[in-house]
Amino acid sequence: MTITDQSSGESTDWAIELYNVTKTYGTKYTAVTAVDDVFLHVERGEIVVIMGPSGSGKTTLIQLIGALLTPTSGDIIVNGRHLEGLSKADLSKLRRSEIGFIFQTPNLLAGLTSSQNVELVLNLAGIKGRAAKERALHLLEQVGLKERTSHLPSQMSGGEQQRVAIARALANDPQIILADEPTANLDSKTGHHVVELLKRTAKNHGKTVIIATHDMRIRDLADRVLWLEDGKISVRWSDGYMIDPVCLMLVTKSTILRAEHNGKNYYFCSRGCLEKFKENPESYASRGTWNGDREGSVVDA
Amino acid sequence: MFEMVDVALRNLAHAKSKVIVSVGGVVLSVFLILTMVGLNQAFSTMMDDMITGAGSDLWVTSKGSSGSFHSPSLLPMSIQDNLTQVDGVREAVPLIRTPLSTKIHDEKVLLYINGYDIETGLGGPWSVIAGKSEVNDGEIIIDKALAQKQNLEVGGNLTFSGKDFQIVGISDKTNLMIAYMVFITFDDAKALILEGVTNYFLVTIETGYTLQQVVDNIETALPDVSASTSDETAKAYKDEILGGFVPIFYLLSAIGLLVGIQVIGVLLYSLTMDKAKEYGILKAVGATNLQVYRVVLEQAIIVSLLGFAAGAAVIPPLISVLQVFVPEFIVSITPDMIFWVSILGILTGVVASILPARKIAAIDPALVFKEV
Ligand SMILES: Nc1ncnc2c1ncn2[C@@H]1O[C@H](COP(=O)(O)OP(=O)(O)O)[C@@H](O)[C@H]1O
Ligand SMILES: [Mg+2]
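Quick mapping for you: the protein sequence lines, in order, are chains D and H.
Just so we're aligned: the first sequence equals residues 1 to 301 in the numbering used here.
Just so we're aligned: the second sequence equals residues 1001 to 1372 in the numbering used here.
Rather than coming from a laboratory, the hints here were simulated on the basis of the structure.
Even glycine gets a Cβ: it sits at the ideal position worked out from N, Cα and C.
Among the hints, erroneous ones may be present.
Reference listing, derived: stretches of chain D covered by chain H, where coverage requires no fewer than 3 residues with Cβ under 8 angstroms from a Cβ of chain H [said to hold, decoys possible]: (1) 61-71; (2) 90-96; (3) 100-107; (4) 116-124.
Let the hints inform the model, and build the full structure from the sequences given.
This is the structure we're talking about:
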């Protein structure tokens, strides 16, 4: 990655800059520091995957970058603009034209067809009528939903809905895509399609992409993987984390859900995965127990 | 607006039963408003008819009396000759108008007796819908609502003050709600009030004189009487009698309007709560508060217009049906009332949409990141 000298004022090379960003929820006794003094630069066109256990602050970080939360302290710059100085209306404009959001759940409007869901965000940005309709259909075709354009969300599978959400995120051709656990609610096969789609989208369109996930398949498309723990981005993978061989999610080594097979330890995210493993250990064991020390897994912040 | 995906309409389509119940509520509110405004209108028309229907140019009353129920007028018959001789007066005929409480079929009924001059016909019925339009001694023309209510017909009899009257005609637009107008000859009516007096003189003027000239001439010649044009008399009537009711009409109309606003407001509030997550999504993907508020405003206007339109369509026929059973229920609804009611409908929607506006502003877009 190219590091641009801050003092030169060439900050436009960065899509996203975070300086000492802290977010604390609540006050006094209820205070929770979800993001703790984070310093982060993301290059234009870079794909960054943020991993970390549940509650580590991934969602909060995405919300901060997406101008949906105000930091307790610190500075956030998106596409060269300080969020702090922007009005509410400007923040809305930034969200609809420069950022595409993909959430854990598709979050489509239940009363609208997939095409209308995409059209709506175009409408919000001032593209209306036929132009919006045509662009929506084109986007849905790109995500493989040509045959589903007039279906309501309730008439589509979770994976299809998530693909509509991806089409919606791309609608206004934003420079930045922010995705929070986009595959967490999908079964592994559907999740795979979505991962492929995200990969294609990111690479083909040269978008800056930040994905929070503990889906290891997504990790593979990253230019850079960040490890978030207790709201801090850590320099290395922690040895304390393992992969659940059944669902391929990251789990902590301290979990009580552990099984031994051929003298090796395996760790699981849930009792369900553990049971599955026990039914047929051979088929899962080969998936490895990667513990983060693999080459290339060392990341810098 | 129409080039956009219509979120408002689709949200409403998704909540049909709520919308139907609310539209029903709005219809009730429109019913209240239209009834009140219609009653006011009907009263006002009735007062106009009572005066202008008599057919004279001027009304002469005792000084200081408007001639209404509240301040009856009494004039000696002896001034009839003096009146006729006033410059510009063509005819001056007496009219007795007096309330009379009687019993018909054992039910207490208040009649408003008109004893009029049958030679000129001044003060006689102005809208006869059955039978003859004038009476002779011993005959009576009665109000339509009275006829309906008491099952009276042309050819039947009506007895009061110890005298039998034969019903010869039915008159419309003479239902005073608190009393029914009936018409008899002046001579028959004389027996009902003091000897040698009348309540009014009805005056027609000669051509070549203005109303005001003749009014002045009469008041100069006869200092103890007042003369005023039919229009002025009608206005004085309305001010005196309706004056007390109008604030009540307005109050009840305003309550009706508030009920409508409340009903739509509650609907919008509940729809907004149902859809809070979706509004959060809209905000997250870049909709401004104003853009989201517009969705709610559109919903409000759609529902209130639906309600007011249904009200305007259903209520006039409903009132006609009600009038068959309750003839005193005189409500007159005019096309311009319907117009104003639809304007009110839009305003109601706008006002009602203010109720959930704060809720919308408070919806946190960050909630879309929460798991289901
Ligand atoms: N709205 C909130 N109010 C209070 N605490 C919150 C809120 N959102 C998140 N948190 C807390 O902040 C921490 C980080 O949460 P989150 O960003 O959701 O982590 P992750 O997405 O990695 O699971 C957690 O301890 C969580 O309980
Ligand atoms: Mg999260």
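Against the structure, test the hints numbered earlier, and report the numbers of the ones violated in rising order. The structure conflicts with no hint, since it agrees with every one listed earlier.
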